[in-house]
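Trainee: In numbering that gives the first Met the number 0, the protein residues as written are 0 to 191.
Honestly, the hints are just simulated from the structure, not real lab data. Be a bit skeptical, because a hint or two may be false.
[Unchecked claim] Mimicking EDC-like on lysine to aspartate or glutamate, the simulated pairs with C-alpha atoms at most 20 Å apart in a straight line are:
hint: 1; residue 1: Lys120; residue 2: Asp139
hint: 2; residue 1: Lys73; residue 2: Glu146
hint: 3; residue 1: Lys154; residue 2: Asp100
hint: 4; residue 1: Lys150; residue 2: Asp133
hint: 5; residue 1: Lys136; residue 2: Glu146
hint: 6; residue 1: Lys170; residue 2: Asp100
hint: 7; residue 1: Lys154; residue 2: Asp121
hint: 8; residue 1: Lys120; residue 2: Asp95
hint: 9; residue 1: Lys71; residue 2: Asp188
hint: 10; residue 1: Lys120; residue 2: Asp100
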Amino acid sequence: MGKLFLFTIFFVITPVFIVFNIIFLLYFIEPKHQVSFSIPKTPNSNLIYAALPTTQNDFSAQISLVDVRIGKVKDFFARYNSPLEPYAQHVINTADQNNIDYRLIPAIAMQESNLCRRIPKDSYNCWGFGIYADKIKRFDNYQQAIEIVTKTLAKYYKSQGLETPEQIMSKYTPGSNGSWARGVTQFMDQLQ
């Protein structure tokens, strides 16, 4: 009877515990809200104590969302000493504007150029974009490169249903034996 009771209790409490843990973990995955308050200085702000309140009672609050994706991309770039580190915010914004997975841009750059550490001189082309034999597509700066590559992926790949690294590989680097897609997927997983 005791074993049956313990067995029943186990199968009742365990699912409740698992659901509680899932909800708890989801709470920490969501972007955190940063709240800061500022109280304006009074004309007598050099006083330590004032018995009478001022006639000006202002209270303002500023709430800003912290996008955890920016930190992930910035940390990824920093881990590999990439010159793209200052552009983490731009990668996220451009990916959002073009409705593509933000992880795709850093992952392709890692696969193609080791995050811009091996690129043609003065090309700012970390994505192997438009490079065929002696032909090299050059950009004016990293910001322009991020924008053009992201827009191209949205317009000529995603719009044709090519969204995963395996699907993109068939057009982006058709001669690959699958290693390109595996590499991009691995780097995307690091950014998750």
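Trainee: Taking the hints in turn, state whether each one holds.
Mentor: Hints, verified against the model:
{"no.": "1", "hint": "Lys120 to Asp139", "verdict": "12 Å, holds"}
{"no.": "2", "hint": "Lys73 to Glu146", "verdict": "17 Å, holds"}
{"no.": "3", "hint": "Lys154 to Asp100", "verdict": "14 Å, holds"}
{"no.": "4", "hint": "Lys150 to Asp133", "verdict": "24 Å, violated"}
{"no.": "5", "hint": "Lys136 to Glu146", "verdict": "14 Å, holds"}
{"no.": "6", "hint": "Lys170 to Asp100", "verdict": "18 Å, holds"}
{"no.": "7", "hint": "Lys154 to Asp121", "verdict": "26 Å, violated"}
{"no.": "8", "hint": "Lys120 to Asp95", "verdict": "29 Å, violated"}
{"no.": "9", "hint": "Lys71 to Asp188", "verdict": "11 Å, holds"}
{"no.": "10", "hint": "Lys120 to Asp100", "verdict": "28 Å, violated"}
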